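Student: Sequence:
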Amino acid sequence: SRMFDEKAIKSMFERKPQPGDIFVAGYPKSGTKWLQYIIYCILNDGRPPTRISEFIQGSTLLGGNHANSSQMEHKPGAIKTHLPFHKAAYGPEAKYVYVCRNPYDTCV
Numbered sequence: 001s002r003m004f005d006e007k008a009i010k011s012m013f014e015r016k017p018q019p020g021d022i023f024v025a026g027y028p029k030s031g032t033k034w035l036q037y038i039i040y041c042i043l044n045d046g047r048p049p050t051r052i053s054e055f056i057q058g059s060t061l062l063g064g065n066h067a068n069s070s071q072m073e074h075k076p077g078a079i080k081t082h083l084p085f086h087k088a089a090y091g092p093e094a095k096y097v098y099v100c101r102n103p104y105d106t107c108v
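With the working numbering as the guide, the letters of the sequence shown map in order to residues 1 to 108.
In short, the hints are calculated from the structure, not lab data.
Note that the structure is predicted; figures quoted are calculated from it, not measured.
Some clues are possibly wrong.
Unchecked claim - Using 25 angstroms as the maximum straight-line C-alpha spacing, the simulated BS3-like pairs for lysine-lysine come out as follows: (1) 16 x 87; (2) 33 x 87; (3) 29 x 95; (4) 10 x 95; (5) 33 x 7; (6) 95 x 33; (7) 87 x 7; (8) 87 x 10; (9) 95 x 16; (10) 33 x 10; (11) 29 x 10; (12) 16 x 33.
Claimed, not checked - DEER-style ranges, computed between Cβ atoms: (13) 6 x 47: 16 to 26 angstroms; (14) 97 x 10: 20 to 30 angstroms; (15) 95 x 45: 28 to 38 angstroms; (16) 7 x 102: 33 to 43 angstroms; (17) 43 x 91: 11 to 21 angstroms; (18) 104 x 20: 32 to 42 angstroms; (19) 13 x 97: 29 to 39 angstroms; (20) 97 x 45: 33 to 43 angstroms; (21) 7 x 47: 12 to 22 angstroms; (22) 86 x 29: 16 to 26 angstroms; (23) 6 x 45: 17 to 27 angstroms.
Backbone N, C-alpha and C define an ideal beta-carbon position, used for all residues, glycine too.
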């Protein structure tokens, strides 16, 4: 199975943001997964996940092969995307967190 397939890519552009969605956006390897973990803990009263599957269910990669699965219905949670803002779906009731990091720090 491929990480990204045509159906998943199309669903990424067709998905409409819902109230309560939290999008984590940034360049790959810039700390988006770390920020998803922090958001997970905030939404769960500071409790870290007890199993990795718990964390994975609460955080989704938009455009991955599970972008339209039941994980997308799981609320609350963070949805990670590496799309530029002008290509990402926008919804006035969704929240957006942008990870900005010095590119030199991500290459070392």
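Student: Take the hints in turn and mark each one as holding or not.
Tutor: Results for each hint:
no. : hint                         : in the structure
1   : 16 x 87                      : holds, 12 angstroms
2   : 33 x 87                      : holds, 20 angstroms
3   : 29 x 95                      : holds, 21 angstroms
4   : 10 x 95                      : holds, 22 angstroms
5   : 33 x 7                       : holds, 23 angstroms
6   : 95 x 33                      : holds, 17 angstroms
7   : 87 x 7                       : holds, 17 angstroms
8   : 87 x 10                      : holds, 12 angstroms
9   : 95 x 16                      : holds, 13 angstroms
10  : 33 x 10                      : holds, 23 angstroms
11  : 29 x 10                      : holds, 23 angstroms
12  : 16 x 33                      : holds, 22 angstroms
13  : 6 x 47: 16 to 26 angstroms   : violated, 38 angstroms
14  : 97 x 10: 20 to 30 angstroms  : holds, 25 angstroms
15  : 95 x 45: 28 to 38 angstroms  : violated, 18 angstroms
16  : 7 x 102: 33 to 43 angstroms  : holds, 35 angstroms
17  : 43 x 91: 11 to 21 angstroms  : holds, 18 angstroms
18  : 104 x 20: 32 to 42 angstroms : holds, 35 angstroms
19  : 13 x 97: 29 to 39 angstroms  : violated, 20 angstroms
20  : 97 x 45: 33 to 43 angstroms  : violated, 19 angstroms
21  : 7 x 47: 12 to 22 angstroms   : violated, 35 angstroms
22  : 86 x 29: 16 to 26 angstroms  : holds, 22 angstroms
23  : 6 x 45: 17 to 27 angstroms   : violated, 39 angstroms
Checked against the numbered hints above, the structure breaks hints 13, 15, 19, 20, 21 and 23 and satisfies the rest.
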